[in-house]
Amino acid sequence: MSVLSKAAYFWRSAAGGLKHAPFVHFIAVSTIAIALFAAGLARGASHVVDNLLASLGGEVEVTLYLAPQLGEDEVHGVHTRVVELSHGEVTVVPPEAALKRLKQELGDLGEALSELPENPLPATLELRVPEARRSPAALAALAKELRALPGVTGVDYGEAAVERLSAIARALSFGALVALVVVLGTTIVIVAATLQLAIYSRREEIEIQKLVGATDRFVKAPFLLEGLLQGLLGALVAVGGLWLFGRLLGPTLGSLFAFLLGPGVAAPWVETRTALELLAAGCALGLGGSFVAVGRFLRV
Numbered sequence: 001m002s003v004l005s006k007a008a009y010f011w012r013s014a015a016g017g018l019k020h021a022p023f024v025h026f027i028a029v030s031t032i033a034i035a036l037f038a039a040g041l042a043r044g045a046s047h048v049v050d051n052l053l054a055s056l057g058g059e060v061e062v063t064l065y066l067a068p069q070l071g072e073d074e075v076h077g078v079h080t081r082v083v084e085l086s087h088g089e090v091t092v093v094p095p096e097a098a099l100k101r102l103k104q105e106l107g108d109l110g111e112a113l114s115e116l117p118e119n120p121l122p123a124t125l126e127l128r129v130p131e132a133r134r135s136p137a138a139l140a141a142l143a144k145e146l147r148a149l150p151g152v153t154g155v156d157y158g159e160a161a162v163e164r165l166s167a168i169a170r171a172l173s174f175g176a177l178v179a180l181v182v183v184l185g186t187t188i189v190i191v192a193a194t195l196q197l198a199i200y201s202r203r204e205e206i207e208i209q210k211l212v213g214a215t216d217r218f219v220k221a222p223f224l225l226e227g228l229l230q231g232l233l234g235a236l237v238a239v240g241g242l243w244l245f246g247r248l249l250g251p252t253l254g255s256l257f258a259f260l261l262g263p264g265v266a267a268p269w270v271e272t273r274t275a276l277e278l279l280a281a282g283c284a285l286g287l288g289g290s291f292v293a294v295g296r297f298l299r300v
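Under UniProt numbering, the first residue of the sequence shown is numbered 1, with each subsequent residue one higher.
Be aware that one or more of the hints could be misleading.
[To be verified] DEER-style ranges, computed between Cβ atoms:
id : residue 1 : residue 2 : range
1  : Leu248    : Glu204    : 43 to 53 Å
2  : Ala280    : Lys144    : 42 to 52 Å
3  : Ala284    : Ala214    : 22 to 32 Å
[Stated by the list, open to error] Under the rule of at most 25 Å between Cα atoms (straight-line distance), these lysine to aspartate or glutamate pairs were calculated in the DMTMM-like manner:
id : residue 1 : residue 2
4  : Lys100    : Glu89
5  : Lys144    : Glu163
6  : Lys100    : Glu72
7  : Lys103    : Glu84
8  : Lys144    : Glu74
9  : Lys103    : Glu72
10 : Lys144    : Glu118
11 : Lys144    : Asp73
12 : Lys103    : Glu118
13 : Lys144    : Glu61
14 : Lys144    : Glu204
15 : Lys19     : Glu204
16 : Lys100    : Glu84
17 : Lys100    : Asp156
18 : Lys100    : Asp73
19 : Lys100    : Glu163
No lab work stands behind these hints, which were simulated from the structure alone. Note that the coordinates shown come from a computational prediction; the quantities given were computed from them, not determined experimentally. No residue lacks a Cβ here, since even glycine has one placed at the ideal position from N, Cα and C.
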C-alpha cells in the first residue's frame, strides 16, 4: 500500500468517523470552539488592558520641588543633572507659571490667590520618565537619586498609583495564565472522552484490523486525524465567532475605550496572527485529546 493510498485511507476513515458519531464529535468541536473563543476574547481584553496601563503609566510624571533661593543658573544646573540621570524630558516651571496654573485649576476660587502678598510656590521641574524606567522599583531608585541632588527639596511621582497599576497588571497576568491552564486541561479531557466513545463504537472494526495484521500506527492514525479535524473545526468556529463579535460589538467597545484613553487603544478582536494562533491551538488541542484517547483505550 503506497504512502498516498495510506494517506487517502486515513483521511477517508477520519471523515467517516466524524459522520459515524456526529453528536459525540459535535460536543468535542463545541468544547474546543468555546475554549478558543474565550481565549481569543481574553487575548483582546488583555491587549486593551495593556494599552490602558501603558497609557496611565505614561501620564505619571515626576515633580521635583526646588529651593526658593536657587538662581536661574542653579536651576539650569539642576535641570541638566536631572536629564543626565533620567534620560527623560524635563520642563522647568517657574513660580509665576505654577501660580498661574493653580489659579486656572481652581477656577473661580483662584482669584483669592491674587490677594497673597507673595508667591508661595517654588520653582519645579516636571520630568517625563522614559518607558523603560516606569516600573515601581526603577521609579523609586530614580526618586532616591533625585532627592540627593543639591537644591532639590522634594520629589513626588505618585508612588501609590504606580504600585497599584503594577499590582493590577501582575494580577491580571497571573489570573489569565491560571484560567488558560484550567481551560486547556479541561478541553483536552473532554475531547479525549468524546473520542474514546467514538473509538468504542468502532471496536469491532479495530479488532478486525488487528487480526489481519494492521500495525499500531495504522490503527491509531485515523483517530489522530479525527482529533486534528475536531480541533480545526473548533478553531474555525471560534475565529468566526470572534469575527462576528468584532463586527457587532467591536465598534461600541472601540468608541468606549477611545473616549477613555484616546484613539488607537482598542485593537481589532481578530487579527491575522491571532487567527493563525487559534487555528494552531485548536489543532494542538484536538491532537492532544486524541493522543490521550488512543493511549488509554486502544492500548496498542
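25 Å limit on alpha-carbon distance, applied to hinted pair Lys144 and Glu74: 20 Å, holds
- Message: Next pair to validate is Lys100 with Glu72; report whether the Cα-Cα distance is within 25 Å.
- Response: Holds. Lys100 to Glu72 sits at ~19 Å (cutoff 25 Å).
Within 42 to 52 Å: is that where the Cβ-Cβ distance between Ala280 and Lys144 falls?
46 Å, holds
Can you let me know if the beta-carbon spacing of Leu248 and Glu204 is within 43 to 53 Å? Given about 47 Å between the Cβ atoms, the range holds.
Pairwise hint evaluation, Glu72 against Lys103, where the allowed Cα distance is 25 Å at most:
24 Å, holds
Agreement of Lys100 and Glu163 with the hint, judged by alpha carbon distance not exceeding 25 Å | It is violated: about 31 Å lies between the C-alpha atoms, which goes past 25 Å.
Open item on the list: Need the status of pair Lys19, Glu204: alpha-carbon distance at most 25 Å?
Closed with: Roughly 17 Å between the alpha carbons, so the hint for Lys19 and Glu204 holds.
Item to check | Hinted pair Lys103 and Glu118, Cα distance within 25 Å | outcome: Answer holds: Lys103 to Glu118 is near 14 Å, not above 25 Å.
Does Glu61 sit within 25 Å of Lys144, going by the straight-line distance between their CA atoms?
Status holds; Cα separation ~15 Å.
Review point. Is Lys103 within 25 Å of Glu84, Cα to Cα?
Key: Violated: Lys103 and Glu84 sit about 32 Å apart, past 25 Å.
ask   = Could one say that the CB atoms of Ala284 and Ala214 fall in the range 22 to 32 Å?
value = 27 Å, holds
With the threshold set at 25 Å, check whether the alpha-carbon distance from Lys144 to Glu118 stays at or below it. 31 Å, violated
Checked against the numbered hints given earlier, the structure breaks hints 7, 10, 14, 16, 19 and satisfies all the rest.
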